[in-house]
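Between the sequences and the hints, there should be enough to build the whole structure, so can you do that?
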Amino acid sequence: MRIHYLQHVPFEGLASIATWIENNGHTVSATRFFHDEPLPDLSQFDCLIVLGGPMNVYEVEQFAWLTREKAFIHQAIQMNKKVLGICLGAQLIADVLGASVTRNPQKEIGWFPIELVNPSISTAILGEATSDFPVFHWHGDTFALPEHATLLAKSIACQHQAFLYNNRVIGLQFHLESTPASVQDIVANCRAELIADTYVQTEADLLATTTYFSAIQSRAWQVLDYLAKL
Numbered sequence: 001m002r003i004h005y006l007q008h009v010p011f012e013g014l015a016s017i018a019t020w021i022e023n024n025g026h027t028v029s030a031t032r033f034f035h036d037e038p039l040p041d042l043s044q045f046d047c048l049i050v051l052g053g054p055m056n057v058y059e060v061e062q063f064a065w066l067t068r069e070k071a072f073i074h075q076a077i078q079m080n081k082k083v084l085g086i087c088l089g090a091q092l093i094a095d096v097l098g099a100s101v102t103r104n105p106q107k108e109i110g111w112f113p114i115e116l117v118n119p120s121i122s123t124a125i126l127g128e129a130t131s132d133f134p135v136f137h138w139h140g141d142t143f144a145l146p147e148h149a150t151l152l153a154k155s156i157a158c159q160h161q162a163f164l165y166n167n168r169v170i171g172l173q174f175h176l177e178s179t180p181a182s183v184q185d186i187v188a189n190c191r192a193e194l195i196a197d198t199y200v201q202t203e204a205d206l207l208a209t210t211t212y213f214s215a216i217q218s219r220a221w222q223v224l225d226y227l228a229k230l
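Residues 1 to 230 in full-length UniProt numbering are what the sequence shown spells out, letter by letter.
Please note: incorrect hints may appear among the correct ones.
List of simulated lysine-lysine pairs, DSS-like, C-alpha gap at most 27 Å [stated by the list, open to error]:
{"no.": "1", "residue 1": "K154", "residue 2": "K229"}
{"no.": "2", "residue 1": "K154", "residue 2": "K70"}
{"no.": "3", "residue 1": "K229", "residue 2": "K81"}
{"no.": "4", "residue 1": "K229", "residue 2": "K70"}
Ranges between beta-carbon positions, derived for each pair [claimed, not checked]:
{"no.": "5", "residue 1": "R32", "residue 2": "S120", "range": "35 to 43 Å"}
{"no.": "6", "residue 1": "P40", "residue 2": "N167", "range": "22 to 30 Å"}
{"no.": "7", "residue 1": "A181", "residue 2": "D132", "range": "18 to 26 Å"}
{"no.": "8", "residue 1": "I195", "residue 2": "R2", "range": "39 to 47 Å"}
{"no.": "9", "residue 1": "H148", "residue 2": "A188", "range": "34 to 42 Å"}
{"no.": "10", "residue 1": "D41", "residue 2": "E115", "range": "36 to 44 Å"}
{"no.": "11", "residue 1": "P38", "residue 2": "C190", "range": "24 to 32 Å"}
It is worth saying that the hints were derived from the structure and are not from the lab.
Using N, Cα and C, we set each Cβ at its ideal position, and we do this for glycine too.
And the structure:
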């Protein structure tokens, strides 16, 4: 499988996804918007991964490349590419599918559980539904569910955590790809967002948590395996 990914900032990369790509012998290319790199022809890849970032989908005046990125994602979906969006990436997918992206009532930053919904579909993509399913979050915005999309997961702080569209497009508000190094990177670059709030953990708590990385990696790779088999 030929994978192309869109990266918005240097400190939010593929993380554990890179290991899955290498282990499975897939090819990979990238557009790094922070280096003003060009977008490829759509014929050059089979799967598009849209990564996270601290900007918002509506900040097009500050980040001019958002306009062409949105058009590119929309074209990829129209051409039946496999598409995975993570955090900002999921919000961008929702946006191009006509759903609103707005401030969530609560910031959600840290290790908090999600609940799978529509389990006949969600478990095939995200793995077994367990009562304790913590994942790594770092977001202040949320997306409405796109028309014809299936909701896959929710949390107490955010009702729309994951969706599936047209069986080939997946949006994840949370980060299954996170590793200890990637969490350290985002904390180092975005620690100003760690305000005192109900669903915002402290920097010390974020960096002290090591329990969940193996579990989220397993689920991240299950998502990728799902797309690879299509």
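Results for each hint:
1. For the hint linking K154 to K229, the alpha-carbon distance of about 25 Å falls within 27 Å, and the restraint holds.
2. Restraint check for K154 and K70: the C-alpha separation of about 25 Å stays at or below 27 Å, so the hint holds.
3. Simply put, K229 and K81 have alpha-carbon atoms about 13 Å apart, close enough for the 27 Å limit, and the pair holds.
4. For the hint pairing K229 with K70, the CA-to-CA distance comes to about 26 Å; that is within 27 Å, so the pair holds.
5. One distance hint, 35 to 43 Å for the beta-carbon pair R32 and S120, holds here, with the actual separation near 38 Å.
6. A hinted range of 22 to 30 Å for the beta carbons of P40 and N167 is consistent with their spacing of about 24 Å.
7. Checked against the hint of 18 to 26 Å, the C-beta distance between A181 and D132 comes to roughly 25 Å, which is consistent with it.
8. Range check, I195 to R2: about 41 Å between beta-carbon atoms, so the 39 to 47 Å window is met.
9. Checked against the hint of 34 to 42 Å, the C-beta distance between H148 and A188 comes to roughly 39 Å, which is consistent with it.
10. The hinted range of 36 to 44 Å is satisfied by D41 and E115, whose Cβ atoms lie roughly 40 Å apart.
11. Range check, P38 to C190: about 27 Å between beta-carbon atoms, so the 24 to 32 Å window is met.
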